[in-house]
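There are 2 protein chains.
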Amino acid sequence: MNYNQLSKKQLDQALSAARKKYNALLKEKLNLDLSRGKPTSEMLDLSMPMLDILTGDFTSPKGYDYRNYGIPDGIPELKEVIADVLDVEPDNVMVGGTSSLNLIYDVVTRAYCFGVCGATPWCKLPKVRFICPVPGYDRHFAILEQFGIEMIAVPMDDNGPDMDMVEDLVANDQSIKGMFCVPRFSNPSGIVYSDSVVDRLINMKTLATDFRIFWDNAYCVHSWYPDAPKLKNVFKQNVNLDRFYMFFSTSKITFCSGGISALIASDKNLQSQRKLLGIQTINYDKLSQYAHAMFLRNADNVKAHMAKHAEFMRPKFDLVLSTLKKRFEDNPDVKWTQPKGGYFFTVTTAPHCARRTIELCRKAGLKLTDAGCTHPLHQDDMDSSIRLAPSFASLEELEEGLEVLCCSLEIATLERRCSGEKNSNV
Amino acid sequence: MNYNQLSKKQLDQALSAARKKYNALLKEKLNLDLSRGKPTSEMLDLSMPMLDILTGDFTSPKGYDYRNYGIPDGIPELKEVIADVLDVEPDNVMVGGTSSLNLIYDVVTRAYCFGVCGATPWCKLPKVRFICPVPGYDRHFAILEQFGIEMIAVPMDDNGPDMDMVEDLVANDQSIKGMFCVPRFSNPSGIVYSDSVVDRLINMKTLATDFRIFWDNAYCVHSWYPDAPKLKNVFKQNVNLDRFYMFFSTSKITFCSGGISALIASDKNLQSQRKLLGIQTINYDKLSQYAHAMFLRNADNVKAHMAKHAEFMRPKFDLVLSTLKKRFEDNPDVKWTQPKGGYFFTVTTAPHCARRTIELCRKAGLKLTDAGCTHPLHQDDMDSSIRLAPSFASLEELEEGLEVLCCSLEIATLERRCSGEKNSNV
Chain V
19 MNYNQLSKKQ
29 LDQALSAARK
39 KYNALLKEKL
49 NLDLSRGKPT
59 SEMLDLSMPM
69 LDILTGDFTS
79 PKGYDYRNYG
89 IPDGIPELKE
99 VIADVLDVEP
109 DNVMVGGTSS
119 LNLIYDVVTR
129 AYCFGVCGAT
139 PWCKLPKVRF
149 ICPVPGYDRH
159 FAILEQFGIE
169 MIAVPMDDNG
179 PDMDMVEDLV
189 ANDQSIKGMF
199 CVPRFSNPSG
209 IVYSDSVVDR
219 LINMKTLATD
229 FRIFWDNAYC
239 VHSWYPDAPK
249 LKNVFKQNVN
259 LDRFYMFFST
269 SKITFCSGGI
279 SALIASDKNL
289 QSQRKLLGIQ
299 TINYDKLSQY
309 AHAMFLRNAD
319 NVKAHMAKHA
329 EFMRPKFDLV
339 LSTLKKRFED
349 NPDVKWTQPK
359 GGYFFTVTTA
369 PHCARRTIEL
379 CRKAGLKLTD
389 AGCTHPLHQD
399 DMDSSIRLAP
409 SFASLEELEE
419 GLEVLCCSLE
429 IATLERRCSG
439 EKNSNV
Chain A
19 MNYNQLSKKQ
29 LDQALSAARK
39 KYNALLKEKL
49 NLDLSRGKPT
59 SEMLDLSMPM
69 LDILTGDFTS
79 PKGYDYRNYG
89 IPDGIPELKE
99 VIADVLDVEP
109 DNVMVGGTSS
119 LNLIYDVVTR
129 AYCFGVCGAT
139 PWCKLPKVRF
149 ICPVPGYDRH
159 FAILEQFGIE
169 MIAVPMDDNG
179 PDMDMVEDLV
189 ANDQSIKGMF
199 CVPRFSNPSG
209 IVYSDSVVDR
219 LINMKTLATD
229 FRIFWDNAYC
239 VHSWYPDAPK
249 LKNVFKQNVN
259 LDRFYMFFST
269 SKITFCSGGI
279 SALIASDKNL
289 QSQRKLLGIQ
299 TINYDKLSQY
309 AHAMFLRNAD
319 NVKAHMAKHA
329 EFMRPKFDLV
339 LSTLKKRFED
349 NPDVKWTQPK
359 GGYFFTVTTA
369 PHCARRTIEL
379 CRKAGLKLTD
389 AGCTHPLHQD
399 DMDSSIRLAP
409 SFASLEELEE
419 GLEVLCCSLE
429 IATLERRCSG
439 EKNSNV
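From first to last, the protein sequence lines are chains V and A. If you're matching positions, the first sequence starts at 19 in the numbering used here and goes up one per residue. If you're matching positions, the second sequence starts at 19 in the numbering used here and goes up one per residue.
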């Protein structure tokens, strides 16, 4: 239904009809949650064999007892697996603890306290700014907010962030020290950065020499469709290799709590990180690392493992796409991304309709991520971005949830149409 | 042999005899290591059943799937076990990752970046100072050094740090923000803080309101003798409860890499830590936490488990003590501590003999912890402190190592005696 083609009376009728459907949904007293990107128990079950894989011999080929102290930056067996998955060198892999968010946090902390590779620590600078493509990941923004780092929102389209804007910013502002990216199956839009965008990120001139891109490759192997776009490898271009801190995680490959994380970076960057890490800890959990190395084995095996994840995820992605298409195909007021992998969709409403939609959903028993959370400091000025995380719900729950969402979207949009949104948008 | 009672000629003869023994040892081309406090593989084997304890059902009584995201400050089942072991409330326990050093580092980092409970962040202060009882733990000092925190060495005796000095310092210096303590079986002296010392630490007046004691209770259950002294519980006195961050670790209970750590602190302190932690990570490894909870069970069971560790450690401690007694009982130039638990001994040489002793050991194939490492910035001005870590060597290796140590101690001491140490000590 294209609301542009409806008369005032027809809009009123459509709103009444939507409200009637919504009131019926209210009576169902639903309790649904599409707010966080969590795998289901069935998906976690796929990695249960990992828990039985440790045979009792923990002596590595080099003679280390992996139960004992040492090797702070990770065991070589797992570095090799991760390097194979990401097509990088094992020497450029540093393995962390169970949370890549924690690893990202630690790298930000090191820059804040000690500076990037010898540059002035951020805590000693009057101002530090970061580029934050929006919509983006709320937990990235929360880290920057905690450190008092100023966030500059840069809009994204289906190819990635607006590179004209990014290039202009980094070329002229010494205080811009970093940028957060989820380059493949971005959280929350699900888009994959195009080769052209990646090339421009690699090659752009930055005024700050200690500028770093936090390349959170959390969904690198999380394709649910055979035609999912690939991501260009930033470490294969041999240009500005020090620019990227790439992060990897098995949270959504093996276990969310009990997986492992990794930092992939240039020799120079890793040398600096390792030096600081050596004071921070004696080691992460090498038993977990060893179990991961034996379970994941190599890139081909990880691909086969993720194909099993896809069996669970694809029907949910199909359902989201077909439902939104059915309900809003000809409606210019509601748009959505069409990700081929990852954990999220972004639904873009007409201006000033997202918060109202999320509130209507909440009242009808559907929990969505908070309004504005996809933007720094929760400031989604257009109030139009909704993050949808369909992974954890069952197909039945997802179907019910989408019904609530669509109905709430219709109401919120029609309310503004009926009250004359063109005037109230200011 | 009391060198004080020997003539110059007798000293020369003793030195020749020691050198002869040492030269014989050189020919054995030994390769021994008494440098780090590591358990043996046999001790780690005691915890192997933990790796088979996860039955496949990860749903907690409260309905959480522990393989999935959430519960950043640790699962309740493990908090209860740790609380039982330490005689504190479960609500005052926050469970961390595999390394308590990392947890300590994180707490220092939070104070540096964000301040202690609302006080000025240390990075914004012109100077931050810490009290460091010596001899102390090299890795604590390395953290402070990395953050540019000034360390004030305070000497220890068999009861703990010199409390007159500590009280005077904290009462008059606003920049003193903290103090590092290993209160039970201290690293490296092995002494246990007396009740009187603990009382004074609890009750002393500090000029800085954000002063904190980092109470690294890493060896809390690591008694090797039935008459090992107990440590007074700082959280039972109901005075200055916010003063202590207590740290706990299972690195030397279960696995060094694959254990878990915990922070125990007051409600106010933990509230502040949890708020910051919630941005840093979504969770630590709850599978490891769950396995630990099921394996360790309660305080009594931990005690029984550690009694098995004692079977391995006690013979080594006995051997160190009997050997040093045999060789140096009547010799005022060599002193040593007599710990009843933990992982370390401190051997105190005559002034200016420690570095030479350690060097002689190294040449004869015995690795000891670096000279000076027990002091901030490696500045052991008296050059008299040697850390001895007998845990990892076999009894046979330990016996050989002690022979090298004793022989090297004799040479270093006699060299100074023979060259007239009284004049060269300045």
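In case anyone wonders, no lab produced these hints; they're calculated from the structure. Please note that the accuracy of each hint is not assured.
One copy or two, it doesn't matter: identical chains are merged, so the pair holds either way.
[To be verified] Listed next, the in silico SDA-like pairs over lysine to any residue satisfying Cα-Cα at most 25 Å (straight line):
1) K286 <-> L44
2) K80 <-> R380
3) K47 <-> E377
4) K142 <-> D51
Problem - Violated constraints from the hint list, given by number and in increasing order - result: 1 and 4
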